[in-house]
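So the protein lines, in turn, are chains A and B.
So the first sequence is numbered by our numbering: it starts at 452 and just counts up by one.
So the second sequence is numbered by our numbering: it starts at 114 and just counts up by one.
Since the hints were made in silico from the structure, they are not lab data.
Incorrect hints may have been included.
Said to hold, decoys possible - Listed below are the simulated DSS-like cross-link pairs for lysine-lysine, each with C-alpha atoms no more than 30 Å apart in a straight line:
(1) A:Lys558 <-> A:Lys510
(2) A:Lys585 <-> A:Lys664
(3) A:Lys775 <-> B:Lys249
(4) B:Lys249 <-> A:Lys703
(5) B:Lys406 <-> A:Lys585
(6) A:Lys558 <-> B:Lys531
(7) A:Lys572 <-> B:Lys400
(8) A:Lys585 <-> A:Lys624
(9) B:Lys406 <-> A:Lys703
(10) B:Lys386 <-> B:Lys406
(11) B:Lys386 <-> B:Lys153
(12) A:Lys627 <-> B:Lys159
(13) A:Lys624 <-> A:Lys611
(14) B:Lys410 <-> B:Lys153
(15) A:Lys629 <-> B:Lys170
(16) A:Lys556 <-> B:Lys170
Stated by the list, open to error - Selected chain A positions facing chain B (Cβ under 10 Å, derived; list incomplete):
(17) Thr487
(18) Phe491
(19) Ile493
For every residue, glycine included, the Cβ atom is placed at its ideal position computed from N, Cα and C.
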Amino acid sequence: MFESINIFIKEFLGQGDDRIILFILIIMITFFFLITVILFIIAVYLRILNRSRKQWENKKHSIWSPIILGVMDGSLNPRDAFSQIKEKHSLSYLLYLEHYIDLLKGKEKDRLIALGRLSIKKLRKLLNCLSREKRIVAMHMISLLHSEEEFIRSKDDKKKPSLIHLREMRFIKDLKGKNRIFNALFSFPFVSPVYISNILADMGTDIIPWLRKVLRNKQYGSYIHLITIETLRRLHDAGSLKVTDDILNTRKDPVILSAWLRFIEVMGDKNFMNAVYPFIGHPSPMVRLAAVQAYIEISDILTPGEVAAFFNDPYVMVAVQASKKIRSNIILPHIPIDDINDYRWQEIFRRMVY
Amino acid sequence: MTEFIFRSITVFNYIVFIYFITLNLWYFVLNIIAYRGLKKHMLRLKITKSDDQLLMKSAPPVTLLTPAFNESENCITSIQSLLKIQYPDMRILFINDGSTDDTLEKMIDTFQMEKAFLPQTSNLETKPVKEIYRSKTHPDLWLIDKENGKKADALNVGINYCQTPLFCAIDNDSMLEQDSIARVVIPFIEDTRTVVSGGIIRIANDCTFENGHITKVDIPKNLLAKFQVMEYLRAFYSGRLAWDILNASLIISGAFGLFRHSVVVAAGGYLHKTIGEDMELIVRLHKYCADNKIPYKIRFIPDPIAWTEGPETLKTLGRQRDRWQRGLLDSILTHINMLFKPRYGAVGLLAMPYFFIYEMIGPLIEIMGYLIFFFLIIIGYATWTYVLAFLLVAVILGVCLSVFSIILEELSFHRYPKFRHLLQLIAVAIIENIGYRQLNSWWRIKGTWSFMKKKQNWY
Chain A
452 MFESINIFIK EFLGQGDDRI ILFILIIMIT FFFLITVILF IIAVYLRILN RSRKQWENKK
512 HSIWSPIILG VMDGSLNPRD AFSQIKEKHS LSYLLYLEHY IDLLKGKEKD RLIALGRLSI
572 KKLRKLLNCL SREKRIVAMH MISLLHSEEE FIRSKDDKKK PSLIHLREMR FIKDLKGKNR
632 IFNALFSFPF VSPVYISNIL ADMGTDIIPW LRKVLRNKQY GSYIHLITIE TLRRLHDAGS
692 LKVTDDILNT RKDPVILSAW LRFIEVMGDK NFMNAVYPFI GHPSPMVRLA AVQAYIEISD
752 ILTPGEVAAF FNDPYVMVAV QASKKIRSNI ILPHIPIDDI NDYRWQEIFR RMVY
Chain B
114 MTEFIFRSIT VFNYIVFIYF ITLNLWYFVL NIIAYRGLKK HMLRLKITKS DDQLLMKSAP
174 PVTLLTPAFN ESENCITSIQ SLLKIQYPDM RILFINDGST DDTLEKMIDT FQMEKAFLPQ
234 TSNLETKPVK EIYRSKTHPD LWLIDKENGK KADALNVGIN YCQTPLFCAI DNDSMLEQDS
294 IARVVIPFIE DTRTVVSGGI IRIANDCTFE NGHITKVDIP KNLLAKFQVM EYLRAFYSGR
354 LAWDILNASL IISGAFGLFR HSVVVAAGGY LHKTIGEDME LIVRLHKYCA DNKIPYKIRF
414 IPDPIAWTEG PETLKTLGRQ RDRWQRGLLD SILTHINMLF KPRYGAVGLL AMPYFFIYEM
474 IGPLIEIMGY LIFFFLIIIG YATWTYVLAF LLVAVILGVC LSVFSIILEE LSFHRYPKFR
534 HLLQLIAVAI IENIGYRQLN SWWRIKGTWS FMKKKQNWY
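Chain B with its partners taken away, still in its complex shape (with noise of 0.2 Å):
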């Protein structure tokens, strides 16, 4: 018995070993061609700006929908924030998705709603459209009540109702830039194989906003938000970016996505049963453009922005990580098939696997070996100086990844203006890897525990 302890102690340990090894060559690969991929896309800046006639000459009509369940309280902020983005031809969707609270009532007076009609464009199944109105102050914003069915579904509907050959899914709680869909909508107009294009999130938390749009840009107060501003900074830069270049970008956020209309009706519209409905849907139209051999294309921009609230309690910034961990297992698994299949491309060679091994197992075989070294430590099996020196090396490398991304975003855009900022962001490249990763990795686990028990729940 004792025997077979060691010998999967032993194993384990190799495999922790190749998996830390693996992992930041991953890491290593991503940020260069990010880098690069960063670098193009400066120079195109340069001279394509977001009011750029010529561009916006040829830019397609886009439809914005926001589902909403009882956002009473921010509904009106958001609505009025995307009414002023700058764009040729859009128009607005909220969608109430049978709000218990006042949110219809105060949509109604606030836009002087009148019941209109909108003919229906697809019929993915829903639950049913109470009501459509049409605001008489603002002719390009309507509002469709419908019985509650959730997030997926409220989108769902919205896509049905959607007049443009472009929609973007917005969550009400997101703030656009006011040129973000005339940033994000590029793609589609220099690449007609462009299915989806999507931009970068930034944290909100403590950033000062007028009317809807951001005026002074700080680094959040709260330590928790400080996190999650320098993990949003290495995800979208390093990963989402080089993901982008290898066209193989999984996740497109829910938050903010630009969709070809017609593709994601064939394709079957937002998955009800799924908890991360934005994910499931990019690796399904992965799936079906490379099965029906339809040319495709799914970008990531990284200057189209949103900004976004992130939760400042441990206990919500749990459920958000037990959700997207769970959003991840529900759309790799329901997507297993794809896993090394070269019709799939890089999709399926490179993005599934490394979804598969390092976002989906990662954390538990992160959490275990922390399990594995404090045990060998305590039956005299390992040395401190060992376990230190091995955690050393796997924070440097971590913050080494994270300044990084830093560097990144000075090269680029800059938007966290003063020295300060700069000397948090570093600081909490440092500190977040003394608790903070860990119990990142915690929360994964209990996600997958959950998922396991199929506990789904969105709202």
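Only chain A is shown next, with the shape it has when bound in the complex (with noise of 0.2 Å):
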């Protein structure tokens, strides 16, 4: 037995005759280290590739600069500007004009915007490129052009678009492609309402008729019927308060309501005191609290009840945001000392009052 595993040992270890293990470390040395030499000469090519890329970029921008300058100021012509420069349809080259789009407002950012859109050619073969990252890169510049009527003739519009897609196409003004988008929006179940209302909200309000037409259907999710408050709101579109008795009476769900009752409050509707007052009693917090907040915004005067009221609500956030706006809005009612002294959140009102 004893002989059998020496044997194997020296074997196993290479000591014997049989060198097959040491033959195939020897392989794996060779191949690993080959392996390795390529690596490290990517690595060094990666490195000088950078570094030339940022040398020519710099030697570019300082040639692009003073051209772009002048076209923002106004002293040359998009035309003339675009015929000086010789990587007009690089993307570095669009790439560092958004720098400045970016940073500008009014005529000096319209006059590089028409700057760019002197590329839009390229850009448009650019969204039918194979290559994702170009069709992507492309895609970014021609929404910052507000040329998004590109998009219909792209590639990526006739598969299910990404949501950068969407993001991208925000700005666009024809219609039937706002509508796709739209649409659209409302398919990506686990990103943030909040996102998605601005992206809305960014599209105008050539969108208010279909946001109220999203909100009367109640096959719609809690999710999406979020997304549309959040975006009417966004919006500031007063006319939509309309079904706020329908809303506030027939929904529910706690979300659905505090986020109706944030619009009144951005809103700042008077009319709807006594639509709002309710809710300073129901039993989820998240509604009490936005309920406390859209009350107080509406009110003239607040009773001493109603003060009690948000300085007893069992949620302390709910007194918080109260004595916030309170001390930001409205005047206080006289109220005794020895009712402040049994609120149960005294201290908040305190460090209001004093």
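Make one complex out of these two single chains by using the hints.
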């Protein structure tokens, strides 16, 4: 037994005649050594590439900069400027132009957008190229130049659009395109509703009738209705508040109720005081919080009983937010000191007053 | 008896061999996954910058929690650095964990703190809070003075007083880049299932900071710190990025992680009696969400950067690795019932077994392997040629993986700009295999041993 183990170990360790394992190890050493050398060369190559790209960009930026500034201040016509830029079709140039467009407003921005639009043919081509990276950058640039109509002709537009695609298309003017984006934006169930409603709000007031239609359709779930209400709030659409009674009386979901109450708060419409008041005693803390803020916002004066309700609420944030709202919005009624001593959150009340 | 010894040695040799092959296969797979993930991430970075208006308009409020115990030297610089972070809605909660030096006085004087009221939003069990202060000069800066209860306790106090849906746990000695929070919050905006999102940590030794922000990146002069630069690159680029794609991240560094407040509170906050409270919380969040059938994601983002000072002496580094190993053991063993359970998805079937076998038992197998090789050479059952060949394969594979991480760095953020940085990193990738890796394994074995003896210490 000992002998056989002995032979086995010797074989395994390569001391005997059988040097297969050693041979395998040498093959492995050679193979991985070569791989490492190749990786090393790639690392050095990437470093050289990055450095030379940076140097090239720095050099080009110093050439492009005065031309772009010339267009910006109106001393240079965009067409003349365009003819002076040799690399007008490179993505580096367009991304450099983006830095300026991002920072500017008004006429100066418009002039640079006009300059950028002269590259639209190239961007249109890129929208249909094989590289996803180039397609996305082109999409981004087109959005920046407000030529989103180009998307309709793109390869990606025919497929189910990604969130990035939709986001970049949000300023599109074409109504059909807008409608497509509008519907597609509701198909991302895990994206933050705030983010989606910000995208929708950027699409402008054209979408308000569609939003109202979605709100009326009770087959849509809370997530979609939440986005709809948040968007209406961002668009300051006072007309939608007409359905307040319907929403507050028929919807049960606290998320929807509190979103609608926030909408009323932002619009500051005093006609809804009676509609909001019952929600100050709602079982959901989230709804109570929104109701209290909305109520203080649209009230001219509070009664001692209402103040007591805010500062006795079991949820501390109700008292905190009420104190912030009262401090910036309203004059308090006279409240006897003994009553204040009975408040659950008397410390918050005192800090608000004193 | 001799027969038994040789039989055991044979079996052990097989174990070492299988361990070695499977470990490197794992590394290979993780690197491929990481490469694909990084490529995708870099593409999206081209168009969504950290100051993207649309994203920032949608960004939820965040509270930064910085627990501190006797941080008199660092606390002011650290807070000044945090105050410069660019984020639309952010507050800072500095938690003085019963410091015995003048941390509290320094904070009160420098930021003109006055007593204030902050409502408690959760009731995690903690040591008592003595006083709450708010800065007159920076209204978003708060200070909570509490009795000493160690880091996990201090963080739980911060959670109890956190008023925002998200909080970020930050080590007091870490410096965050100005757009780190804006970047690390993106997963929460793009996917509401996200419960944690963490960023990359880098070694700050010999880098230049001005007003708490990095102005010049350099490779440290100290050799031990150099080794850590390479280690961090490898760990974050190859390891954590790949685990993130599999939604099986078990570690989000305690130095920089953004959490969903409600989920952390529901899961019970940080555990007091653990050494690696950051890892334990992540594992527990996986378990909590899976057990309660809550759809969730724990994300690691490679670009938000926090810089931290790495230990420069063998003693401090050894202590740090010892503590990390104890933390790892504690987290894995506390949740050992997740191992190989399909209900925990990739965490139960891939990450837990990986950490159990390669991170927990690995160092022991490695060191035992070296010892047995030397034993066999001494008694004449192995030749130097064979042992050296085997070690050379291990070294070359190690270098290969490290160089791959350097490539990932070159393809993405290339934060070490000079050519000499690249050469230094490659040199470090080679020499760390001779001595440093073995030392690391030794420290981890020591950590395992002290864990067995239940020695727990944090600060």
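Checklist entry - Among the hints numbered above, which are violated by the structure, and what are their numbers in rising order? => result Going through the list in order, the structure violates hints 2, 4, 5, 6, 7, 11 and respects the others.
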